[in-house]
Amino acid sequence: MPDIHPTVVERGEQLYAFVRGTVRMDAFALIADRLPELFGWLTGRGAELAGAPFFRFNSVDMEGESEVEAGIPVVSMPEPEGDMASPCCLAAAM
1 MPDIHPTVVE
11 RGEQLYAFVR
21 GTVRMDAFAL
31 IADRLPELFG
41 WLTGRGAELA
51 GAPFFRFNSV
61 DMEGESEVEA
71 GIPVVSMPEP
81 EGDMASPCCL
91 AAAM
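Mapped onto the numbering used here, the consecutive letters of the sequence shown carry residue numbers 1 to 94.
Think of the hints as simulated: they come from the structure by calculation, not from any bench. This structure is a prediction, so every number in the text was calculated from the model and none was measured. Hints may contain errors.
To be verified - Distance windows between CB atoms, simulated: (1) Gly12 to Gly64: 31 to 37 Å; (2) Glu79 to Asp3: 25 to 31 Å; (3) Arg45 to Asp3: 20 to 26 Å; (4) Met1 to Pro78: 45 to 51 Å.
Glycine included, each C-beta is placed from N, C-alpha and C at the ideal position.
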């Protein structure tokens, strides 16, 4: 078995675009399947991407509904439209 040593990496703030939804874990695809839509929306407006897509859990309820963001890091934000791409910054320890 490999010798694995997890480490915590502090990251500075990163601007990201996202779409937020409230989903049950057995219906997670409802939010996950919106990543291609968000990617298309951003690239269609000329946004420069700054990293890999991710999911951010604002709340977790394994038996009920969880609030989840499907996000994509960006260099700059296009104007928000509907529930797409509300501007936000995220700093995290990972």
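Verification of the supplied hints:
At about 33 Å, the beta-carbon gap between Gly12 and Gly64 stays in the expected band of 31 to 37 Å. Between Glu79 and Asp3, the C-beta spacing of about 49 Å breaks the proposed range 25 to 31 Å. As the Cβ distance of Arg45 to Asp3 is approximately 45 Å, the hint placing it in 20 to 26 Å is violated. At about 46 Å, the CB distance of Met1 to Pro78 agrees with the hint of 45 to 51 Å.
Comparing the model with each earlier hint shows violations of hints 2, 3; every other hint is respected.
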